[in-house]
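Using the hints provided, position chain F relative to the given structure of chain H.
Protein chains: 2
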Amino acid sequence: MRVIRSVKQMQDICRKARRAGSSIGLVPTMGALHEGHISLIRASLKDNDITVVSIFVNPIQFGPSEDFKQYPRPVSQDEALCREAGVDFIFRPSAGEMYPAGFKTYVDVLELGSVLCGASRPGHFRGVTTVVAKLFNACLPDRAYFGRKDAQQAIIIQRMAKDLNFPVSVKVMPIVREKSGLALSSRNTYLSQSLKRDAQVLSRALCLARKLIRQGVRDPERVTGKMASLINTAKSAKIDYISIVSTEHLKPVRVIRGSCLVAVAAWFGGTRLIDNTVISA
Amino acid sequence: MRVIRSVKQMQDICRKARRAGSSIGLVPTMGALHEGHISLIRASLKDNDITVVSIFVNPIQFGPSEDFKQYPRPVSQDEALCREAGVDFIFRPSAGEMYPAGFKTYVDVLELGSVLCGASRPGHFRGVTTVVAKLFNACLPDRAYFGRKDAQQAIIIQRMAKDLNFPVSVKVMPIVREKSGLALSSRNTYLSQSLKRDAQVLSRALCLARKLIRQGVRDPERVTGKMASLINTAKSAKIDYISIVSTEHLKPVRVIRGSCLVAVAAWFGGTRLIDNTVISA
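The listed protein sequences correspond, in order, to chains H and F. Counting the first sequence from 1 gives a position; our numbering is that position plus 113. Counting the second sequence from 1 gives a position; our numbering is that position plus 113.
Check before you lean on any hint, since a few could be wrong.
No copy is singled out in the list; a pair is fine if it fits within one copy or between any two copies.
Below, computed lysine-lysine pairings styled on DSSO-like, alpha-carbon distance capped at 30 angstroms [unchecked claim]:
#	residue 1	residue 2
1	Lys275	Lys182
2	Lys217	Lys275
3	Lys159	Lys182
4	Lys324	Lys129
Hint data in this document are derived by calculation from the structure and do not stem from the laboratory.
Chain H extracted, bound-state conformation:
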């Protein structure tokens, strides 16, 4: 396994590999790798000749009051996990390599980026789409792997890849959860034992939503109301949003029908967590 830090070198390697007929899988991450990331890596290893894991804590997707500085960066642990998993290349550029002086170009997906998480994190998805466009061009993948945990991100990136004709197949892989139901996230390391216990209400609320919808409830407000009551049983929980939206336009549905995303975000102490489930009704 090699660690590459320059865009130019990464491009040269990937161009050469493609010319030799090898397929390339990219797993874009911000590091602090957990089993969720590893599941993406495994999928890439299975589908492609070469797997690149990018590790880059992307400054432009963090708001000024967010956790950019404290975001975990366990570099040697991440490298060991990648090596063990069988990754071929880690692409780990510096912020200066990705955003040199004079940088001025941004990729925007209209509408989809201003709702749900975008409402409380203005500019976040612009930062995400911009860095992913750069990573696609740096690593020239045939396939790129994202987790369904960040459902809105995955939908926005699929839209961007399609709209800009990126010759990349965007794969969205299932959420990986702890036994307790808590969705794996690098931000879970911020949680104390008791906050972590409280945070289990998110996945329980999503299970409740599935159950209600399976029972025939079609009124989104009835479902989100019940979810809110359940989440509020956790003392530390502060709900950011609970929404049931169409998976294509991310617009709130009036009646639960077809493919819907049930998405939730809530604060537990100083940590904002998200979770979701996709339902076909």
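Just chain F, lined up with the frame of chain H:
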């Protein structure tokens, strides 16, 4: 020569060509080809194994009151010119192929797109950078060729390609002029004989600017003032802007020093023309 109309097919062809070790040159155009375009095609043919000319009148770079509908589309003449020149592929997608329902993604280069032509054509450069990003991904070129006549466009595209790590070398080729000095433009076909004669003042004003600067004038307002007087000798001319800006930031210079772009836009009847010259002082 083959004419390709689907993004997917164009990508397949270019991917296969690259895998076979061929280099690809792209000449993005809106058709209505003239000697300026042909000079780009010749440069591409010289540098690359395969030359793709894209012909697409890009709706999203036209304002609502602009000439999208009337823009010339001499399809069979363009194809004949390309065939004669030795072009390998014309990529001529429909608007629906480029912007299908649900399209939502735009590429923006901040600051550079709101000055000069951007001031009177809001959204124009966003449309340009978005379509060029799409064309880069559809045609996967090693090199792409643009004319210096659209100097601001060329500078913005170079910035975009660099910022988003497109593995494409952006080549900017000299302006091609009529004997009269008039810069070639597809929009010259809109001009009557007398308007065309009037329009010669643009290149004469740029020659005057070069002469004044060579003589040691360093005050940009002194130069643009003299240019304006000359342009206004043409009865039909209505100046949009005359600016002397740095070639890197497109910001007006206070003193003419280093690499400067002298740029001018003016209306002749209902036709807006642009011209420019780059000066090292």
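Against the structure, the hints:
Taking the closest pair of Cα atoms, lysine 275 and lysine 182 come within 30 angstroms of each other only across two copies (27 angstroms); inside a single copy the shortest separation is 33 angstroms, beyond that limit. In this assembly of identical chains, lysine 217 and lysine 275 lie within 30 angstroms of each other by CA distance both inside one copy and across copies; the values are 23 angstroms within and 10 angstroms between. Taking the shortest Cα distances, lysine 159 and lysine 182 never come within 30 angstroms of each other, neither inside one copy (34 angstroms) nor across copies (50 angstroms). Taking the shortest alpha-carbon separations for lysine 324 and lysine 129, neither the intra-copy value of 51 angstroms nor the inter-copy value of 49 angstroms comes in at or below 30 angstroms.
In this structure, the hints that do not hold are numbers 3 and 4, in rising order.
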